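Q: Sequence:
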Amino acid sequence: MSSRILVGIDGSIASRAAITWALERARSIRTAVTLLMVVDDEWGAISDRDLGELRASAEGIAERELEFARERAGSVEVTAGIAVGAPMLVLASEASAYESVVIGTHKIGTFHGHALGSRGLQVAAMSPVTTAIVPVDTSAGRSGVAVGVGDAPGWIEPVRFAMREAVRLEERLMLIRAEGPTATDEHVLLRLAWELPEASELSNGIVVRRSPAPAGETLAGVSRRAVVTVSGRPTAAGARGFRPLGRTNNDLLMNAGGPVVVVPFESGAERAATPPSLIRASTAR
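Just so it is clear: in the sequence shown, position 231 is 248 by the working numbering, and no numbers are missing.
Don't read these hints as lab results, they were simulated from the structure.
Be aware that a few hints might be false.
Said to hold, decoys possible - The calculated label-pair distances, taken between Cβ atoms and stated as ranges, are:
#1 Ser-220 x Glu-76: 22 to 30 Å
#2 Arg-72 x Ser-220: 46 to 54 Å
#3 Pro-214 x Ala-49: 23 to 31 Å
#4 Ser-92 x Pro-214: 24 to 32 Å
#5 Glu-41 x Asp-67: 32 to 40 Å
#6 Arg-66 x Glu-218: 52 to 60 Å
#7 Gly-98 x Leu-207: 25 to 33 Å
#8 Gly-98 x Ser-64: 38 to 46 Å
#9 Asp-65 x Ser-160: 47 to 55 Å
#10 His-204 x Gly-98: 24 to 32 Å
#11 Asn-221 x Ile-99: 52 to 60 Å
#12 Arg-264 x Ala-103: 40 to 48 Å
If you're wondering where the values come from, they're calculated on a predicted model, not measured in any experiment.
From the three backbone atoms N, C-alpha and C, an ideal C-beta is built for every residue, glycine too.
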């Protein structure tokens, strides 16, 4: 797997938000960015002539977006490519060769029955790697990196990703948990977090935030104030990401108020080594 970041582009304002976000992260972690424009062939239903015209148009868009990215890239290497197929399926498949995949969305705020946000759901459900969904409108005044912690085996991977982001952004790490009969004591949760190797680099500490609301609703609310919100998605070895998102991630992505990162983790292999049951906020239900 490459350490490069893949960005899905389509020439929209939303995809430019994704490019900007990816460049900033790539600069921090010292990696490169690849832009991918996917020509929708409508499952092979369009003619070769029409497909040729669409590809020519896509090449023009890719060139413009590459120019836009390179103007802002600084030391970050940026390349662009074109593929043909079902856009979200192709993007998720291509992502397997990258460290993460980033897409933009016009969706922000509460879901009211529109199909907005569906692209993020599709890619996050199919991608075998970390997926970032970045809204066009990211208001100022945000603080903290939030992560939902849950009782699924392997929950630690989303926390470690969030911890690295908190170090990179010089923000406080916020562990978000939903209350319930299995909720672990706050002191135990903090001890487990501080024992992670990445914790030694944190400059703004770790806090625990509780909520009586459902996990997805809790994370969506936090996402309106956090710099980035991280949630885990259980998967299995060899599944290549094709697993249901679960209620929590569906609720979060359809109601996100800021950048959201979904981190897949293998739940089966680590079952025997799972720490005490921690909460529900990042588990699929």
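Q: Check each numbered hint against the structure and report the violated ones by number, ascending.
A: 1, 7, 8, 10, 11, 12
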